[in-house]
Amino acid sequence: MNVLVCIKRVAMVGARIVVTPDGQEIDTKQLGFTVSPHEECAVEEAVRIVERLGGTVSVLTLGPSEASEQLRDAAAIGATHLVHLKTDGREFDPIATAQAIVEVVHQLEAVSGTYDLILFGNEAPDTGDYQVGIRVAHSLDRPCVTGVKNLEVAETSARARREFRGGDELFELDLPCVLTVKEGINLPRYPSLPGRMRAKKAVIEEFEPVWQASLVVKEGLRVPNVTRERAEILGTGVDAVPALLALLEQIGVLS
Amino acid sequence: MSSYEPSRNETQHPSVLCLVETDDGTVIEASLRALSFARSLAQSSQARLIAALVGEIPEITASSLGSFGVDEAYAVTSTQLSPYAPVAWAQALRQLLVTCGATTLLAAGSDRGNEVMAHVGALTSEPMAANCFGATRIDDETVRLSRQRWAGSLIEDSLLRSTTALMTVAFDGVSSQRAEHATTTKISAFAPNLDESDGRTHVARWTGRSAGISLADARVVVGGGRGVGSADGFAALDELAELLGGAVGVSRAVTSLGWRPHNQQVGQTGTRIAPDLYLVSGISGATQHLAGCQSAKRVVAINTDPDAPIISRADYAVIGDLNQIIPALAAAIRERNSLTS
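Line by line, the protein sequences give chains A and B. Using my numbering, the first residue of the first sequence is number 1, and each one after it goes up by one. Using my numbering, the first residue of the second sequence is number 256, and each one after it goes up by one.
If you're looking for bench data, these hints aren't it; they were derived computationally from the structure. Keep in mind that a hint or two might mislead.
[As the list claims (entries may be wrong)] So these bits of chain B aren't anywhere near chain A, every CB distance computed over 10 Å:
1) 376
2) 455
3) 524
4) 527
[What the hints assert, rightly or not] Below, a list of computed lysine-lysine pairs in the DSBU-like style, where the Cα atoms sit at most 35 Å apart:
5) B:552 - A:218
6) A:29 - A:200
7) A:201 - A:86
8) A:86 - A:29
9) A:86 - A:218
10) A:149 - B:552
[Stated by the list, open to error] Chain A residues, not near chain B, derived (Cβ > 12 Å throughout):
11) 69
12) 116
13) 166
14) 198
Backbone N, C-alpha and C define an ideal beta-carbon position, used for all residues, glycine too.
Modelling step: build the complete structure from the supplied sequences, incorporating the hints.
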């Protein structure tokens with residue numbers, strides 16, 4: 001079983017996002033970087049599948065040089081092959097990202113065989129485009145299911161479940177396929193110390209993706225105005241309980 | 256902006272096509288919001304508003320489409336479309352788009368809407384802008400739009416350059432508004448030309464809603480974060496939620512610690528809630544969490560730190576220890592209930 005997981009380096013934003021003075025990027029000077037919770041789960045899921053069925057876990061990212069940190073984090077929990085589509089820092093839109101990934105997948109598969117599974121996070125937290133996995137699936141002519149929260153993989157098939165309006169949808173797929181997963185599919189492990197040591201020395205295979213201009217031309221970024229005034233303080237400690245009770249009564253949530 | 260004049264001839268008015276999702280014949284709230292967005296875009300460009308629904312369109316659905324100003328609705332039917340098959344839905348929409356000469360295709364920014372529209376984008380090699388909340392047509396090839404990044408914590412203003420504008424509509428940030436004048440929606444049937452491969456990936460089995468109040472639909476959500484202190488600490492929140500006929504929601508920290516299951520997580524990577532009341536305690540208010548509760552009508556925060564970000568996003572706040580306040584509030588509600596019953 002060969003699994004490829006695609007991840008994206010994103011800023012760890014706090015309570016409020018700050019935009020650079022030119023309005024084009026978010027200000028990341030004070031911020032750390034990570035991958036989205038969906039993608040942490042995608043890497044964990046791949047490692048679990050390969051622990052059970054044998055095979056390889058490749059992890060791919062498209063991003064600046066520093067994105068190698070996120071690849072090494074994935075190696076620390078069990079990824080065996082690391083692939084870096086190194087950019088000069090410019091934003092790749094979903095179409096450009098998908099094309100770059102597909103080109104590299106073709107090259108890698110020509111050498112080491114088809115990936116039975118290609119996993120993505122359901123959406124990137126920063127741009128929230130909800131489409132790179134689907135575009136990759138179409139280019140490779142493979143079936144695709146998004147938002148997967150439960151996955152059973154056998155040698156040649158997969159059963160993927162996801163939530164839909166409070167219920168549960170089951171898809172049955174033949175491999176190879178493309179899946180985008182959501183947090184909650186598993187609880188990712190913490191990297192072990194030997195895992196971290198291994199990750200430091202892991203080899204990263206590098207590619208140069210081709211940037212192309214987006215047809216969604218960004219004019220600028222801004223932080224939304226939060227119209228709420230500062231909260232009305234009802235009180236301190238248990239002394240505030242009568243005021244809280246009166247408020248609940250007023251809102252009409254008491255039976 | 257109103258200077259835009261469509262360049263098409265009189266016989267073929269440009270139109271805005273909107274995918275409408277229903278649940279037991281009722282148009283879902285996310286689609287009503289998408290229709291409201293679609294109508295204002297159509298009006299700004301003198302375009303007709305057309306709805307696409309998969310399956311037959313019963314009278315009651317047609318009348319609710321009319322109250323949202325839909326000029327025409329297509330009942331899209333094919334054996335490949337049911338059970339739900341995302342590629343088949345996307346192929347059908349792509350064909351309908353051509354048939355009705357629409358220049359814009361919209362859907363709700365729901366799980367299904369975003370999925371289908373991404374497939375349309377892939378099939379047509381056109382860009383797709385997800386979770387838009389503002390759009391104005393500039394010319395035949397340009398729409399100026401505002402869309403959500405970071406699940407609504409950041410706004411992107413962009414120009415979408417495509418002869419076919421593909422967009423989904425953000426749930427938070429667009430309200431559902433009936434048209435000033437209801438229309439009589441003309442209903443037509445549309446049978447797309449689909450083959451078996453379009454329906455290859457489909458829902459093999461659907462298991463209905465589980466019992467109890469779902470977090471997404473709850474009128475009251477009692478929220479708890481790391482400040483609750485332990486898995487056992489949630490007993491008091493469970494009790495309060497039950498007294499209020501609501502559901503418990505938690506922060507990502509809580510699910511990562513394994514205190515509560517992931518299906519109770521409120522946030523960017525969890526559930527988006529829209530209750531009348533969100534009573535939130537022990538949560539500082541990181542972007543990840545706030546993204547999930549933007550549609551809450553009222554937020555009441557209990558926190559020991561008066562400077563926590565959640566306080567500045569709340570309508571009301573109590574400063575103090577939730578592990579004392581929540582049980583005391585539950586006791587006060589029980590006492591009130593015993594007096595009124």
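*Would residue 376 of chain B pass as off the interface with chain A, using Cβ distances and a cut of 10 Å?*
6 Å, violated
*asked:* What's the verdict on residue 149 of chain A and residue 552 of chain B, does the C-alpha distance respect the 35 Å limit or exceed it?
replied: Holds, at about 29 Å.
_Given hint residue 29 of chain A paired with residue 86 of chain A - CA-CA distance at most 35 Å_ = 21 Å, holds
*Going straight from one Cα to the other, do residue 29 of chain A and residue 200 of chain A come out at no more than 35 Å?*
25 Å, holds
_Check the hint pairing residue 86 of chain A with residue 218 of chain A against an upper bound of 35 Å on the C-alpha distance._
This hinted pair holds, its Cα atoms lying about 22 Å apart.
*residue 552 of chain B paired with residue 218 of chain A [C-alpha distance capped at 35 Å]*: 31 Å, holds
*Test the statement that residue 69 of chain A is away from the interface with chain B: the closest C-beta pair must be farther apart than 12 Å.*
20 Å, holds
*Test the statement that residue 198 of chain A is away from the interface with chain B: the closest C-beta pair must be farther apart than 12 Å.*
24 Å, holds
*Taking the closest pair, is the beta carbon of residue 527 of chain B still more than 10 Å from chain A?*
Answer for residue 527 of chain B: holds, closest chain A Cβ roughly 12 Å.
*Does the claim that residue 166 of chain A lies outside the interface with chain B hold up, using a Cβ gap greater than 12 Å?*
4 Å, violated
*asked:* Verify this label for me: residue 524 of chain B is non-interface relative to chain A, using a Cβ-Cβ cutoff of 10 Å.
replied: 4 Å, violated
*asked:* Need the status of pair residue 201 of chain A, residue 86 of chain A: alpha-carbon distance at most 35 Å?
replied: Roughly 19 Å between the alpha carbons, so the hint for residue 201 of chain A and residue 86 of chain A holds.
Comparing the model with each numbered hint stated earlier shows that hints 1, 2, 3, 13 do not hold.
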